[in-house]
Amino acid sequence: MNAIDASEHHQRVDESVPPSLLAIVLDTNPHAWAHLSSTLPLATALANLLVFINAHLASGNGNSVAVIASHSNKSCFLYPTPAPASPQPRHNATNGDVDMNGTADSTSYSVQDNPNKYRPFANVETGILNNFAKLMEGTKESHLTATPTTLIGGALSLALSYIAKATLLNLPATSSTEEAMLAIADPEATHSSYVSLASRILIVSVSGDLANQYIPVMNSIFAAQRKRIPIDILKLAGDTVLLQQASDATGGVYMKPERPEGLLQYLMMAFLPDPTARRSLVMPSAGGVDFRAACFCHRKVVDIGFVCSICLSIFCTSDLPDNLCLTCGSYLSLRAAQSNPPALIPKKKKKKKRVGGTDSATPGGSTPAGSNTPMHS
Amino acid sequence: MSGSDYSGSEFSGSDDEYVGPRGGGSSAAAARKIVNATLQQAKKSERKAQAWERRKGESSEEEEYIPTFEEIEDNDVPEQSIQQMEEERKRKRLRKDTKPFQRGIIRHVVLVLDLSEAMLEKDMRPTRFHAMIQYAQEYVREFFEQNPISQMSVLGMHDGLCIRVSELSGNPAEHIAAILGLRTPLNPQDFSKEPKGSPSLQNALELARATLYHTPSHGTREVIIVFGSLLSLDPGDVHQTIRACVRDRVRVSVIGMSARLKICAEIVNKTNAGDESEYVVATDQELLRELLLATTTPPVVRATKSAEEIAPPESAAALMMMGFPSRVIEETPTMCACHGALTTGGYTCSRCSAKVCSLPITCPSCQLTLLLSTHLARSYHHLFPLRNWAEVSWHRAREKGTKSCMSCLTPFPEVPPDGISGEQQTNGHGANGRIHGKVAQKQSNDDEEQKASESSRYECRVCESHFCIDCDMFCHMVLHNCPGCLSKLDTPAEETNGIGDMEMTG
Ligand SMILES: [Zn+2]
Ligand SMILES: [Zn+2]
Ligand SMILES: [Zn+2]
Ligand SMILES: [Zn+2]
Ligand SMILES: [Zn+2]
Ligand SMILES: [Zn+2]
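Residue numbers (our numbering), protein chains in the order written: chain U, 1 to 377; chain B, 1001 to 1506.
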C-alpha cells in the first residue's frame, strides 16, 4: 500500500511448514478432578493427553511442546523439567522456589531404552510423568483446604513467557538483538520477515470460578492477543466466562464437550491442527459469546453497569454509599452516569431534562418526546 | 486501604519521584527540569548518535521516552562485558514509574497534523509529510490498543485553515482511513490534502477546543500537535485562545520539528500548569515516531493546585453507565444500526437492542457506551503496574542457587565458586548488587536505575523468583504479570498485580 516505503524488500520466503510450539496448561485442581473421577479419572486424562502430545510432535519435525500444571497451590512446568535450585544453606534461605523443582534423583520413571519407542516421545512421557508424580506427592492436605480453585493466571503467564523466549530463540541468527527486541514489543512491525515459530496455548480446564484471578488472566489474554498466540480452551467441567473470552479474543477454539470421557477424540479433532492448518478447516466456533461483566460489588452478572472513571470498577447500581467508589474511594458524581447526550443538543435543554427525570438511570430520559406528558391534560 | 492511595496528597507527594515527559507540575519537577536543561546539550548530541540505532531498536510499547542523562559512566565500561551492556540497554526501556499513578484512562484526544508547506521538507524520508502520515497511522493503532475506551479526532492545519480530517470517535479504522485519505483521497473527485500554505495554531486550537467542548468532564481533554513549521499565521490573538483552552481544561502537547518555538512553549506551559515537558522537538524521523508513540500512555492526572481550581472536584470522577452487550449470531441478515448495512451477527445494545457491528461504540440509537469488559481490563496495567525487578549479585545468586529462569527455563550462567570471581562486594546483602556510587543513596525500590545484572538474573522482590533478561522485558512490557508471584499461593499476589484483584473479590 505504501509505494515509497522500501522496508518490505528483502523478505525471505520460506515454503517449509513453520515449526509449532504447543504449550499445554493442564488444570490439575484436585477438587475438580475428584468430581470428574467417575467419568474421566485424571490418570486417563493424562494418558490421553500424552497421545495427543505425541501426535503433535509427530506432525512436524520442528514441533515442540511445553506442559504446565496449574495446580491448586502452585503452577509449575511438567515438561521441560526445570533445573532444580540448590540454595546455599543460609540463615535466610527460605523455601523459595525449591519445592517446585524437586530433585533430579527421583527414580520412579526413567527413560527406558525401549528400541520400539520413538525417543522424543519417551522423553516427553517420562518427563511429564515424573514431574506429575512429584507434584502430586508435594500436595499436602493443607494446600487443598486453602483454596478450591487453581492458579490459572500463573500457569498462563509461565506459558506466555516460555513462548516469548522460544520465539526469540527461533529468530534467525543473523537478526540482531535489536530486532529481537522489536519482536517482543511489537509483532506487527516485524511480521513476515522470518518464518516465525507458530505457537499456541491449550488450556485443559476443569475448575470453575476463576474470578479471583481476573486481572492476571486478563493481562495474559492481552499479551497473547498482542503476540498473536491463540488460546484454545477445552473445558471439561465448570464454567467460566473468563476463559471463553480468552479464546474469543485471541482467536482460539473454545469447546465444552458434553461427555468428558471422549477427551482424546476432542483433542485430536479440534485441537491438533495448528494455526496454519486451521485456516483451511472449519473449526468449532463458540457461536454467541457471553460478554457480560460481573459487578465488583456482588459478583452479579450485569449487562448494563456503572463504571468508575478512575479505576474502571464495575458496579451493578449507581446507588453507592456516599457516592464513593467501593474500590478506589473517589467521589463519583452521578451526573455523568447518564450517557452523554448527543453533541448537538444545547446545554439548556439537557438541564431541563435532568430536572424532569427523577430517576437518573432511566434510559427513557434521552427520548425527548417522552418527558412532556403533561401537555395532553 | 487503597482509598489513601488515590488521595490527592499522595499524588502531589509522589510527583517528585516521577521523571519523564508526562510528569506532574510540582516544584520538584520544575527543579528537575533545570537539571534536564543543563544536560540537554549532552542529550541532544547523544540522540543524534543513536539515531541509526533507534531505527531498529525502537519499540511501540507504552514505554515512555526516558531522558538518558544518567547513563554515561565511562569509568565503568571496562569491567562490563558486552552482554551486560546489551542487557543494560534493554532494561533502560523499562518504565521507570511503576508506582500506581492515577492516570486519565478515559481520554479525549485531538491529534493535529501540520499540513503546511514546511512539511514538504525532505529532512525526513521521503518528506516530513509522508513520514508523519505513516507514523500517525501507527499512532492511531497504538492509541486504541492502549486506550480502548478513549476517543480521538484528527485535524489538519492546511493553508491557514484548520480542517477536520476525522470526527471524534473511538473507531481506529475510521481515523486510519481518513489519515490515508490525506495522501490518496478516497473519492477521486476530492483533492488530496498535500501540504500547502501556512499553519495557524490559533485556528487549530479553536477547532480542537470546539471538538472537545462536549466531552464529559471525567475524561481528559488533550490536544497533540505535530508541528513542522517555524511560524504560525493566526487571524487573532492566540493568547486569548490559550486562556480559553486553560479554562476548558484542554492540555496541549506539541511535537515540534527542527527547532523550538517560543509560542509553542508558551502554549504547552500554560495548558499544562507550568510544565513544559510536553513540548518536545523531533530532530529526526525515528525520534518523531518515538515521541508520538510516547503520548499513547495515559497521562498522569495532575493533582496540583491550579488543576483543582480549574476542575471542580466533583467533575474529576464520575460514574459512567456502560452496556456490556453479548454477541449474537443470526441466520438471516439484519440491518446494523451503525452503518445501515445488512449483516448476520453483531452485538445488541443492552438497553435498546439496536445491533452494532463492532465494539467499543456509542450506541447509535440510545447513546449508551457499549463495550466489552475486556476493554476495561486492558487499562488495568496502567493502574496497577508491575514493579521493576532487581538485579541479582553473585552473592545473592549463590544464596538462592537458581540455575534456570523461572518462566522460560533457560539456564543461567554458573555461579562462580565462593570468593574467586571478580565479584563486586559493594553491596553484599540484598538483591541490589551493582549500585554505582552516585545512585547508591536512592535505593528506594523502583526509582533506581535499571542496570544490567552481573549474574544475568533478575529478581522479583515479592516472590524472590529469578528471571532472565528476556523474560524481564516480556513481563514488564507485554505481560504485566509476574509469573513467579502468580504461581505460588503462599505469596500474596496482591502486592504485584493484585491491588485491584484483591479489591474485586471483596
Ligand atoms: Zn453489584
Ligand atoms: Zn474507583
Ligand atoms: Zn455496522
Ligand atoms: Zn442502544
Ligand atoms: Zn526467562
Ligand atoms: Zn514475583
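Please keep in mind that the hints were generated in silico from the structure rather than gathered at the bench. Among the clues, some could well be false.
To be verified - Quick list of in silico lysine to any residue cross-link-like pairs, SDA-like style, CA-CA up to 20 Å:
1) U:165 with B:1412
2) U:300 with B:1326
3) U:256 with U:227
4) B:1403 with U:83
5) B:1403 with U:326
6) U:165 with B:1083
7) U:165 with B:1086
Verification of the supplied hints:
no.	hint	result
1	U:165 with B:1412	holds (14 Å)
2	U:300 with B:1326	holds (16 Å)
3	U:256 with U:227	violated (25 Å)
4	B:1403 with U:83	holds (6 Å)
5	B:1403 with U:326	violated (44 Å)
6	U:165 with B:1083	holds (17 Å)
7	U:165 with B:1086	holds (17 Å)
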